[in-house]
Amino acid sequence: DQQVKQNSPSLSVQEGRISILNCDYTNSMFDYFLWYKKYPAEGPTFLISISSIKDKNEDGRFTVFLNKSAKHLSLHIVPSQPGDSAVYFCAAKRGYNAGNMLTFGGGTRLMVKP
Amino acid sequence: DSGVTQTPKHLITATGQRVTLRCSPRSGDLSVYWYQQSLDQGLQFLIQYYNGEERAKGNILERFSAQQFPDLHSELNLSSLELGDSALYFCASSVDPVYNEQFFGPGTRLTVL
Chain V
0 DQQVKQNSPS LSVQEGRISI LNCDYTNSMF DYFLWYKKYP AEGPTFLISI
50 SSIKDKNEDG RFTVFLNKSA KHLSLHIVPS QPGDSAVYFC AAKRGYNAGN
100 MLTFGGGTRL MVKP
Chain Z
627 DSGVTQTPKH LITATGQRVT LRCSPRSGDL SVYWYQQSLD QGLQFLIQYY
677 NGEERAKGNI LERFSAQQFP DLHSELNLSS LELGDSALYF CASSVDPVYN
727 EQFFGPGTRL TVL
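Heads up: the sequence lines are chains V and Z, in that order. Anchor point for the first sequence: position 98 equals 97 in my numbering, and the numbering is continuous, going up by one each time. Just add 626 to wherever you are in the second sequence, counting from 1, and you've got my numbering.
Only true hints are included.
With a Cα cut of at most 20 Å, we get these calculated EDC-like pairs of lysine to aspartate or glutamate:
#1 K67/V to E57/V
#2 K683/Z to E701/Z
#3 K55/V to D23/V
#4 K37/V to D58/V
#5 K36/V to E14/V
#6 K36/V to E727/Z
#7 K36/V to D83/V
#8 K635/Z to E701/Z
#9 K4/V to D666/Z
#10 K683/Z to D655/Z
#11 K67/V to D54/V
#12 K37/V to E727/Z
#13 K37/V to D666/Z
#14 K53/V to E727/Z
#15 K55/V to D30/V
#16 K36/V to E57/V
#17 K53/V to D30/V
#18 K37/V to E14/V
#19 K36/V to D627/Z
#20 K112/V to D83/V
#21 K683/Z to D30/V
#22 K37/V to D627/Z
#23 K635/Z to E41/V
#24 K36/V to D23/V
#25 K4/V to D54/V
#26 K37/V to D83/V
#27 K70/V to D30/V
#28 K683/Z to D722/Z
#29 K55/V to E727/Z
#30 K683/Z to D0/V
#31 K70/V to D0/V
#32 K67/V to D30/V
#33 K4/V to D30/V
To be clear, the hints were calculated from the coordinates, so they are not data collected in a lab. Small disclaimer: the values here were computed from a predicted structure and weren't measured.
Kindly produce the complete structure, drawing on both the sequences and the hints.
Next comes the structure, spelled out in structure tokens:
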């Protein structure tokens, strides 16, 4: 049972345009969401996060939107740069007592073309 | 560089064997996590330790075990290896057991032949 899903395995955008990566979740107990970026032969790198009490969080070119009623989050990258080409994972965690374990989506490979 | 180190980088072994993967967390981080990334299962949480104690357990097989030592490094032991255990194994660390940002190491690629 996949509790966090990224339905698009890949996405290709032109440099300078917006990249929108989507993520859906099923577990209503999730209360914190994160995006990680992964280059080949490296571990995932934390990008940005959002608490369930917010619906938007921005950090430079990266913005994460959360729609709790739809159990959907998205990562916007504006403007996209070739260096953004990587696999992006969304992750979720639930509650203090559940520890800090992250449940990951399957990833979306983003290709930004010059 | 996240500051999390993992050794070895690559490991090739045969079915039925036992291996040990090692992780050193970032300086100051007390919590260590192990994740498995396989082709068909994605990134899956295995187990978490905090200051030497097991904190949370995920989908970790009984053939797998882990521990965190007094110097805070951690080892993941995989025994009676099967072909399906071939995967990337990541270690991550964080400051405390509930701090949300986890820093990942570069991973150990295990190939079971």
